[in-house]
Amino acid sequence: MTSLQSEPFVINIGPQHPSTHGVFRLRLTMDGEKITEADMVMGYLHRSMEKLAEERTYTQNIPFTDRTDYLSAMTGNLAYVLAVERLMEVEVPERAKWLRMIMAELQRIASHAMAVGIFANDTGAWQTPVMHMFRDREKILDLFEMACGARLTLNYMRIGGVSRDIPPEWIPQAKKLLKDLPKKFAEYEDLLLTNEIIVARSRGIGVLTPDQAIAHSVSGPMLRGSGVAWDIRKADPYAAYDKVDFDVAVGTNGDVYDRFVVRMAEMRQSLRILEQALEMMPEGPVHARLGAATVQPGGQSIAPLAYRPPVGEAYARIESPRGEIGYYIVSDGSPAPFRFHIRSPSFINLTPLALMTVGSTVADAVVILGSVDIVVGEVDR
Amino acid sequence: MGLLAMLLEGEWYDFGDLAEQIEDWGAPDEAAYVLATLVATVVILLWAVLSVLAFIWIERRVVALMQNRKGPNRVGPAGLLQPVADALKLLMKEAITTAGADRILFWAAPIIIFVPTLAIFAIFPWGENMVLADLNVGVLFLLAIAGINTPAVFLAGWSSNNKYALLGSMRTIAMLISYEIIQVLALLAPVLFVSSMRMADIVSWQEDYVWIVLIQPLGLLAYIIAGAVEMNRSPADNAEAESEIVAGYHTEYGGIKFGFFYQGEYLAGFAIAAAVVTLYFGGWTLFGLEEWIPGWSIFLGKLYTIFFIYIWSRGTLPRLRIDQLMGFAWKFLLPLTIANVLIVGAEVLIWRENELSSWEALPAIAVVNLALGVVLFAGWARFLGHGKGTQAASGAILTQEIGTVHFKPAVGTEAGS
Amino acid sequence: MTATVTGLEVAGAIEQRFPDAVVEATPEYAVVAPEELIEVLTWLRDDDSMLFKFLSSLTAVDREEWFEVVYHLESFRTNRITVIKVRSDDRDDPIVPSVVDVWPGAQLQEREAYDLMGIRFEGNPDLRRIFLWDGFAGFPLRKDYMNLAGGQMAGLERFPGEPGLEFNNRGTQ
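Protein chains in written order, with our numbering: chain A, 37 to 417; chain X, 181 to 597; chain U, 83 to 255.
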């Protein structure tokens, strides 16, 4: 009696697939329904941003930072301008700091709304949560449009401040939104957090212990879902975060459900920050005058927004909705950066994907990928 | 106007006079029977197709309402011609048969799914004296035809020569077989009460006594869930789980072959809704209202209402993983339905043995069944660990100190043991 | 606030434990010799006074005469950050030890540095190209990659429209 010989077979999720959050390919080697190997293939959206940025001035590079993590452009912008400001030792005016914080938190709500909605979509709820959460995201995008003219690729921050001040009707509209949102969040929590099927689909899946998470350089809601209370907004405050009061949401199990719960709790904390910030924001200029840097060595002053930072390097990191986004800028005194490196959270958070996926089924692999919350623009740059 | 009056009057299907007329002409005896059957078949087919078309529009609009958006509203007034556009598109698309596919099976699978589902509608009583095939074993026929779905789905997946389709069909078979057992057990209870499998008998029993839903809440719940799974509908649409394996067993099908699968899913839905209406909700009777309105309109109204529940659950609930779905069937629903049958059997025995009148027996049965149903359902769920431990919902811990670690995995997960 | 451990401080601490490991130290960073890199980084990760358990970023920079790999290390427990670098003078085939055994999170970042800069990490179990396809010729992020006429390199010599400075083969203006 010969024994049954079974062959492992390879299945591709992506690059065109309703659930891969962009062009991303996951090659799974399966033995029946269990995954034995998971290999990631990326680079479908590689646009060589790091090389392109070496040919453009520092201000011309700000639109690039929108397009890496296109779902949270404000934080991308912010990390980059913080790095350049650290290099140039520029002091940002107060109002600009508060505006940056307000925009970053609004962006966080918008991005998490999408992440949570798409996660529910991955588990099979036929786009109902997505549609409702996108409704709220639309209102936030309307606010962005009022402030800077764009909805997705915002290009709002500048080196030394923000590009322009908000119009007078912005704050009343933002306050109206803040009154509506808590009810909506309560509705989403009620519909999604205690939904038995979502709990059954995400509890105990894709577990990362804190040691594994720290060793794999995981950051953001994935790290906090594993129980490590680390938030750069508290650890290394930038842009007026040390003047508002908020909590850090932490999970206990390190599974997909806890990351999802952490994201929903973070949305509520962002609301808290926004309420305080809209009250406490001071008046004043929104852009620093960058004095000597705009004057070139011969004494002739050249067009503003054209700087030659001093020779050196700087690394600045902030808390984006996906994790720790950092920019490493090396300058050689010329108008363009010598090295422009993006430490993108989605890319690095993908490192333990094989660890989390091996041993589970295809349905779980999709849900785990949804919990990592990648944006392929950031993964591939 | 005359046609409308005739339709509403409810007597147009009684071909008695016409039958006598045909016999006077000297036709063989069976001619009237054949004629009536042909007319009824055509009417049922027309109804089925038109209902599917209508429900394509209704489902999309209703799900859109649940999702806070408008559904189709461009094609025709308020999007009413959308199903027509969909049907035309499917008819005109190129019907590709992939190179490695098994041609005969590939062509046969959609037909095998579609035709038996149509055949189910023959056994239901649509109104008084409106049964196309008055079988003595109506319920058995229903269950048998529902079982043909399984090999047909597997044929579709296997013959496509596609990994995704194969995965989808393998999942489906396991799922369908499990839930057929639940269906059979759930449907045993009404049969026990009525002591007949004939659909018309069941309806008249319900007209005389009481709707079976009132004395069988647990059975109805089990049957509705099993029906949703048999239809490959969310929350159990793993077979065609779009976000995971693109389209499961009908990935490779395009054009009108896919149209057959699509229609087949809706027809299966109508069939199960019709079964629920006939067996649990009294069929075409409505406490005597059928004197004024024709029975078939009552039947259709109830059918569409039950189908709405399926649309509702599709728009709201996410999808269970396949092993969770199977666990639900075997560990949860199966013991419950077996217990249900035992309880019903005991009650019927007591009723018949003691020759109680229906006025005494039925309210007692209703109360006992409801109480036992709730207790068994909740108790068994609690026993299996629902809502505790690994399945408990929880919130995030909010903290202000950074650098601390709060990892405490729940017992029962991998990290916790 | 995250305190930055300056290159001089961390170089001093490393020197006490591993003499001759530090090649250069400035206030911004400390350069470690490649032979001792793994030991130094393991010590930085595990020692109770250091505890840099989180690798914030691993990058490669092409400095035209040498390649360098930059490690930004972060410590959650003590809330500090520091910068370590390692250099390789070989312009054709730079080889640097891999830190995947110290921090598994370095895996994808080392693949990226290999793909775009051509630095080979010895000891990395799975060093293949990650963004570009397998047969791609060359390493794009290197400064001598753009084969423009006259051997120009990436960079911007002067601002668009700025009068008068000389070219030194940077940029296309």
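It is worth saying that the hints were derived from the structure and are not from the lab.
Accuracy of the hints is not assured; some may be wrong.
[Claimed, not checked] With a Cα cut of at most 27 angstroms, we get these calculated DSSO-like pairs of lysine-lysine:
no.	chain 1	residue 1	chain 2	residue 2
1	U	Lys135	X	Lys588
2	A	Lys212	X	Lys250
3	A	Lys70	X	Lys511
4	X	Lys250	A	Lys175
[What the hints assert, rightly or not] Restraint ranges, calculated between C-beta atoms of paired labels, are given here:
no.	chain 1	residue 1	chain 2	residue 2	range
5	A	Val46	X	Leu271	35 to 41 angstroms
6	X	Ser537	A	Lys70	41 to 47 angstroms
7	A	Arg187	U	Gly217	49 to 55 angstroms
8	X	Ile276	A	Tyr80	24 to 30 angstroms
9	A	Arg83	X	Thr485	50 to 56 angstroms
10	A	Tyr80	X	Ile284	34 to 40 angstroms
11	U	Glu97	A	Lys279	37 to 43 angstroms
12	A	Leu227	X	Val547	53 to 59 angstroms
13	A	Thr72	U	Ala219	32 to 38 angstroms
14	X	Thr485	A	Leu227	20 to 26 angstroms
[To be verified] Here are some of the chain X residues that sit facing chain A, going by a computed Cβ distance under 7 angstroms:
no.	residue
15	Ala211
16	Lys250
17	Asn341
18	Lys343
19	Leu497
20	Gln580
21	Ile582
22	Val585
23	Lys588
Note that beta-carbon positions come from the ideal geometry of N, C-alpha and C, so glycine has one too.
query: Among the hints numbered above, which are violated by the structure, and what are their numbers in rising order?
result: 6, 7, 12, 15, 16, 17
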